[in-house]
Amino acid sequence: MKRHQLTSKMFRLATGIAAGSPLLILIVLSFVLFRDAMPAFRYQGISFFTGIIWNMGNMYANNPIVKNGVQAAPGAAFGILPFIVGTIGSSIIALIIGVPIALMTAFALVYKVPPSLAKIVSPVIELLAGIPSVIYGLWGMTVVAPWVEYGLGPWLSHLGHMVPFLAAPVGTGLGLLTSGLVLAVMIIPIITSTARDLLKQVPTLPVEGALALGMTSFESVLHVAWPWAKRGIIGAVILGWGRALGETMAVLMVSGDAANYLPANLYSPISSMAAAIASMLDSALTDFSGLSVHALALIAVTLLLITMLTNLLARLLVQFGGRRVGVEV
Amino acid sequence: MVDGGNIVTKFNKGALLAVTSAVVLGGIAYGSVGVVGAFAQAKPVHHTVVKHQVKHPVVKRGAGPAVKLQETGSTLLWPLFQLWVPVYKHVAPKVDITTAGTGSGVGISQASDGVVQIGASDAYMSNQKLKETPGMLNIPLAISAQQIMYKIPGISKNVHLKLTGTVIADIYLGKIRYWNAPQIRNLNKGVKLPHWAIVPIHRTDGSGDTFLFTQFMTDTNSAWSNSVQYGTSVSWPAVQGALGANGNQGVVQTAEHTPGSIAYVGISWLNKGLQGGLGEAQLQNKAGRFLLPTPATVAAAANAQIKATPKDERISLIYGPGVNSYPIINYEYAIVKNKQANANVANAVKNLLLWAINPKGGNTASFMNQVHFLPLPASIAPLSRNQIEQIHG
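Chains A and B, in that order, give the protein sequences.
If you're matching positions, the first sequence starts at 0 in numbering that gives the first Met the number 0 and goes up one per residue.
If you're matching positions, the second sequence starts at 0 in numbering that gives the first Met the number 0 and goes up one per residue.
Keep in mind that the hints were calculated from the coordinates and are not lab data.
Glycine included, every Cβ here is placed at the ideal spot set by N, Cα and C.
It cannot be assumed that every hint is accurate.
Said to hold, decoys possible - Simulated DEER-style distance windows between Cβ atoms:
1) B:G189 x A:V123: 28 to 38 Å
2) A:L304 x B:A237: 19 to 29 Å
3) A:L308 x B:T293: 51 to 61 Å
4) A:W146 x B:R176: 57 to 67 Å
5) A:Q318 x B:A237: 39 to 49 Å
6) A:F48 x B:G275: 33 to 43 Å
7) B:P133 x A:R41: 26 to 36 Å
8) A:V123 x B:I314: 32 to 42 Å
9) B:G153 x A:L308: 46 to 56 Å
10) B:N185 x A:V123: 58 to 68 Å
11) A:T141 x B:H194: 25 to 35 Å
What the hints assert, rightly or not - 20 Å max Cα-Cα, derived SDA-like pairs, lysine to any residue:
12) B:K128 x A:R11
13) B:K128 x A:I52
14) B:K130 x A:A60
15) B:K128 x A:V292
16) B:K128 x A:Q70
17) B:K271 x A:T141
18) B:K174 x A:N259
19) B:K130 x A:V292
20) B:K130 x A:T141
21) B:K128 x A:P168
22) B:K128 x A:L284
23) B:K128 x A:A60
24) B:K130 x A:I51
25) B:K174 x A:G289
26) B:K128 x A:P63
27) B:K174 x A:I52
28) B:K128 x A:V69
29) A:K66 x B:K174
30) B:K174 x A:I51
31) B:K174 x A:V292
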């Protein structure tokens, strides 16, 4: 065999393995997670997703109980609705706050800010994306939470007469709103830099044409750039949402770690699925029946499914939300 | 994210995001111990280190081969280990010890799994866990206590509110929601309590402090003993606004920043809490007296109960008899596997623990006073020594 044939074969093999590995990782990971989660599902059934009480059971009891063929510490009950509500609630707040800011920043960077200034601002935004989440968490704890407690919260609660979810008590600042705010700051750089790169790919001619036809810059963005880049931008938003759903450390630090209750208002302490896994794994490992660890695995499976489902849903929305508008270059 | 556009193109093709989330998930599931642990370590406690005036009677200086030991667990015992380690370095220069405050739950599980040589815990191991991992020793090193702390607007931290176990349990059960509730007012005639919502704070990590606190609740409140019971982590009753915090350091910090808070805090964190403006409650003991945890009241509680200590030294010292007994005291345990990796490690662990419980070594007053612990009573030290002797290579 000639040398270049050999290298070509090797290259194909290597790229094949590399290209196949993400799928393989996904399959192996899902398999392991599902297998680990099964006992918890057999024990708890569907009430795992609708229950409010999370109880690893009495770990100092002398004998385990058996239910549906699964051993557990007496009193064990696993309901994760508060974690689901906390995860989705905080990430949606993050999107509501973060997406408009991120998109407007991206539009400004591409169409309004002089290139020389954009050269400075763009790397700064990318830098923001690289900050470790524990630092955002610390900032959330020491700056955002007190601000929510004494500033934003009391002010917002005046609107509580009209919007019940905004009503007092504001509490301690650790909770849903603070988590949402911190998450918003964390997802803005991702969405901004992705959206900016997409907008840069929008051909200049149609945009210039629109301006030449007398459209304002807002109209040219709305009617030309937005339709062009829409699908990609929605993808970018989902990417940000994925980050918000899975964010662990920062949420753990500012959520207030609510146990066994649903948020009563915007300022209530919460806990998210990822934060719950992180904070409870140690305790779960001391469960002599081992079921608590399986229950945590089931939370992980749930989070995985929710992330996939949101992706799928958003993808469908894009698909049916109208095809690319015909802008010819 | 420099090639952000590129990422989105790929992402349109399919499973990239799914894989990303799966990998992230895997990271969460398997890396969380490290993350939480790392964060716990990220906030070191600054204590003034005692000068090494301690003479060590057991180990010869520089004897034996170099050994690395790891200690993790109880955040209540951690400040003491931090005082011990630099001094012990002069006793046994070839033994390297790393310490971490990660919660008693971690101490128990990592010592059982053999990840660390010494697990620190304020709670003894359960029967079931012992059955699962035979050969684990629960070795008391000192006597500790726990206080109830609070931050109430308008109440000076010099006012020591009187509280009973059953009232505290009712607060954590959500039955008492305001500081001026009649149950609290009746105990504190003459104190002008504000109508301020109570924010109960609990530990989110597996914690020996939670174990001690919930035992006290179980002993004093029947609704509690019928529902929540006790453990290093329990299912907390739903109280709107209640907060969780990680480690004693997290609890103290959260309590300081939360007007209306109440929290249970290990006694080695008493100074930190008082510095942060928290009040310290007088707790009602079994004889009906309201007491603060002082060396006298903790010693009285210990003297009244230690006679019952069994050979394996697993015993609750909560809510004991005696007029002057403070109600929440406990043994601070080193959780150690009797079979260590090799003879060198076993000897190093043995020597360290023997030094730790020696009244002229780690149990000396200069260490104990700083963390408000009491040394191991003379009648109990032989039991601990017997257990330490069981450690082998």
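Exercise. Which numbered hints turn out to be false for this structure?
Worked result: Numbers 1, 4, 8, 12, 13, 20, 21, 24, 25, 29 and 31, in rising order.
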